[in-house]
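**Student:** This is what each chain is made of:
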Amino acid sequence: MSQEPIPASAYDMDHVESAEERRTLAVLVDNEPGVLGRVVGLFSARGYNIESLTVAEVDRGKHRSRITIVTTGTPHMLEQIEAQLLRLVPVAAVIDITKSKRGIERELALVKVAGKGEKRVEALRIAEIFRARVIDTTNESFIFEITGASDKIDQFTELMEPLGLVEVSRTGVLSIRRGKDAG
Amino acid sequence: MDTQTLTEKATKTRKMTGAEIVIAALREQGVDTMFGYPGGAVLPIYDALYSQDEIRHVLVRHEQGAGHAAEGYARSTGKPGVALVTSGPGATNMVTPIADAMMDSIPMVVITGQVPTHLIGTDAFQECDTVGITRCCAKHNYLVTDVEDLARTIHEAFLIATSGRPGPVVIDIPKDVQFSTGTYIGKEGVFKPTYQPKTEPSKHAIRDALALMKAARRPVFYTGGGVVNSGPEASKLLRELQAATGFPLTSTLMGLGAFPASHKDWLGMVGMHGAYEANHAMHDCDLMICVGARFDDRVTGKISAFSPGSKKIHIDIDPSSINKIIRVDVPIVADCKAALQALLDGWKKSRTKAPDISEWKDQIERWREVDCFSYPANDGSIRPQYAVERLYELTKDRDTYISTEVGQHQMWAAQHYHFEEPNRWMTSGGLGTMGYGLPAAVGIQAAHPDSLVIDIAGEASVQMVMQEVSTAVQHRLPIKVFILNNEWMGMVRQWQELLHGERYSHSYSESLPDFVKLAEAYGAHGIQCSDPNELDQKIQEMIDHDGPVIFDCLVTKAENCFPMIPSGAAHNEMLLGSISGDEIDEEGRKLV
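If you read the sequences in order, they're chains A and B.
Here the first sequence is numbered in our numbering, starting from 1 and rising by one per residue.
Here the second sequence is numbered in our numbering, starting from 1001 and rising by one per residue.
Hints were generated in silico from the structure; no laboratory data involved.
In this text, all values refer to a predicted model and were calculated from it rather than measured experimentally.
A couple of the hints might just be wrong.
[Said to hold, decoys possible] Lysine-lysine pairs mimicking DSS-like chemistry, simulated, CA-CA at most 25 Å apart: (1) K1302/B to K1353/B; (2) K99/A to K1264/B; (3) K1214/B to K1353/B; (4) K1264/B to K62/A.
[As the list claims (entries may be wrong)] Selected chain A positions facing chain B (in silico; Cβ < 10 Å): (5) A19; (6) E20; (7) L25; (8) V134.
[Claimed, not checked] Which chain B residues stay away from chain A? Per the calculated CB distances, all over 10 Å, these: (9) L1143; (10) P1193; (11) P1376; (12) E1487.
Here a beta-carbon is modelled for each residue, glycine too, at the ideal position from N, C-alpha and C.
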């Protein structure tokens, strides 16, 4: 309240259901059994959305794992999601990557495209533009490996659709903040 | 092995079996009483209990009873309640008390047995995924698969259950871990790096709060169970802060007793069945100071019409409670005790003169004159309100603890029984668990053997856990079960009358037992009363009886609980007396 002008009452604050926003949250947790279940269970129990989720241990010595969750919700809901996550005992920190404006988000995808002739050449040409690597090839198919922001991968798969897109496997979003500091 | 050698083992070799580690850790945590029920997967722990006499084990009749008894013990002492049950059905029967303790922030440690580690996941006999089932209704839980982690886990569980916003913690211990030998470690130095609840208020939040308090013309304190959880010191500080400010004060169901009901500035309980003056003060105030309450839907009524003209200060130890339901102007994340101390110090130090609030108090007096809790005189039958009122008058000068079940009787108890001290009122507020009161009374009596412990019950609720009378008889716990018997699930009947066209679908308590004979069958004492003129004498008989009593108080059958804020209505739209049901709109009917 000290930073912003004080409204006459709490009810003068924005109370209308605002539009939903997309957020990327990095959740640092103790890597103990069931921790992912706790985090995911919280989202389903309280009716929050999960658009993408990635998790892996990032510090073996400290048993720290990093969970990156992409979620959508009203600002009020997003505030609650953060607070509710912090209530979980094994959660050490929640970092709002989107809000911090210093966040970098990347995703990796494996994209299988099958085709012959002109379409096959076109697929390879587009892959070059997107800096996707060919990691497997047969006479009739390619598997591309592509990394980038999620919308870049969306774009890539859209372009591959008419060229014989067969299957996509995506990691979900990974995130980190710019600068020298952790967290 | 006697206690001597166990203690010696703990201090010298520090090598012992998992079962012995459990007992040693409980003892180090100061546990003197626990509630439980044995079974295959906890037999090693029961074996370790057998050879010691420092921890008293109260054998219940159903695991749910153990959980609620532990809750009653915890709520009445401020210490964590401990329950011990077996795997599978033992654990699933504990789920209701765990969820109940979670909703009401009751510190509790539940130890469950589990099938041996090599059988986990095989659908073994009496196996269930206890940590999976309790994950969403406990503050935290553990499955201990290595005996070397056991002692630390138990100490950590106590730390988590009792600190921050208290709650239930479950420790699931496979049978082979109970048998195997490991190292005991003491509680010193045990901590959880990711768990650091904030207890001290920030200075600028206190400064902002004080500025609002010094400018308020129509202030009200709205206090809750957090004050009780914060300990007797918090209640004392609340009283001091109220005395210094002179602000009127109301409380939630969970907070009753933190402030004396005999005080002139006490407004009565707030909420759906709260006092007219309390709800109107909440609606019309210009400053609401919420201390350890969480804007529950039973308190706020219609959110968009909740206290529209006020600024709000919210003290809560759980940051997720802040702005969850109601936007507040000054959040103070802290333990109630620390925040109240800071506000009191600040108020005393400040030289700003607070405005005169006598006009506001005059207004409150006018609301008080409505006398919202008045009820018609007994017309041959005993009015339930009258029964609670007489019970209060005849027990108020004693060292009395009250528990309740859930429903109309619970609200009448909250309205007509008055509390002067915290930890004297035990009720299931958040989860609303019928069947809470009787086992809770067992737990309270176990903690306070010489006090008068009364479960104010309804004839429907009490039958959910009736079997715990047997526990009371076995352990010589002279609890008094005071049943307001109107032969109906009263609150269900009331809602059906008001909201469902008087279609009383399955709410009549058909085939009731003869409670007097039932008491006698259990070896307890039974009393029945239907005549208002005999009520006092029979209540006295109940009090004087040295042993458990079931008091079957036959009351007016179709009495409704008023005042009432209908679902979907605002605080200033209270209903005071009998109504037709038209007062509740379509939206309101859809709410619970």
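**Student:** All hints are to be evaluated individually against the structure, with a verdict given for each.
**Tutor:** A quick look at each hint next to the structure:
{"no.": "1", "hint": "K1302/B to K1353/B", "result": "violated (35 Å)"}
{"no.": "2", "hint": "K99/A to K1264/B", "result": "violated (49 Å)"}
{"no.": "3", "hint": "K1214/B to K1353/B", "result": "holds (7 Å)"}
{"no.": "4", "hint": "K1264/B to K62/A", "result": "violated (56 Å)"}
{"no.": "5", "hint": "A19", "result": "violated (18 Å)"}
{"no.": "6", "hint": "E20", "result": "violated (18 Å)"}
{"no.": "7", "hint": "L25", "result": "violated (15 Å)"}
{"no.": "8", "hint": "V134", "result": "violated (42 Å)"}
{"no.": "9", "hint": "L1143", "result": "violated (7 Å)"}
{"no.": "10", "hint": "P1193", "result": "violated (7 Å)"}
{"no.": "11", "hint": "P1376", "result": "holds (39 Å)"}
{"no.": "12", "hint": "E1487", "result": "holds (38 Å)"}
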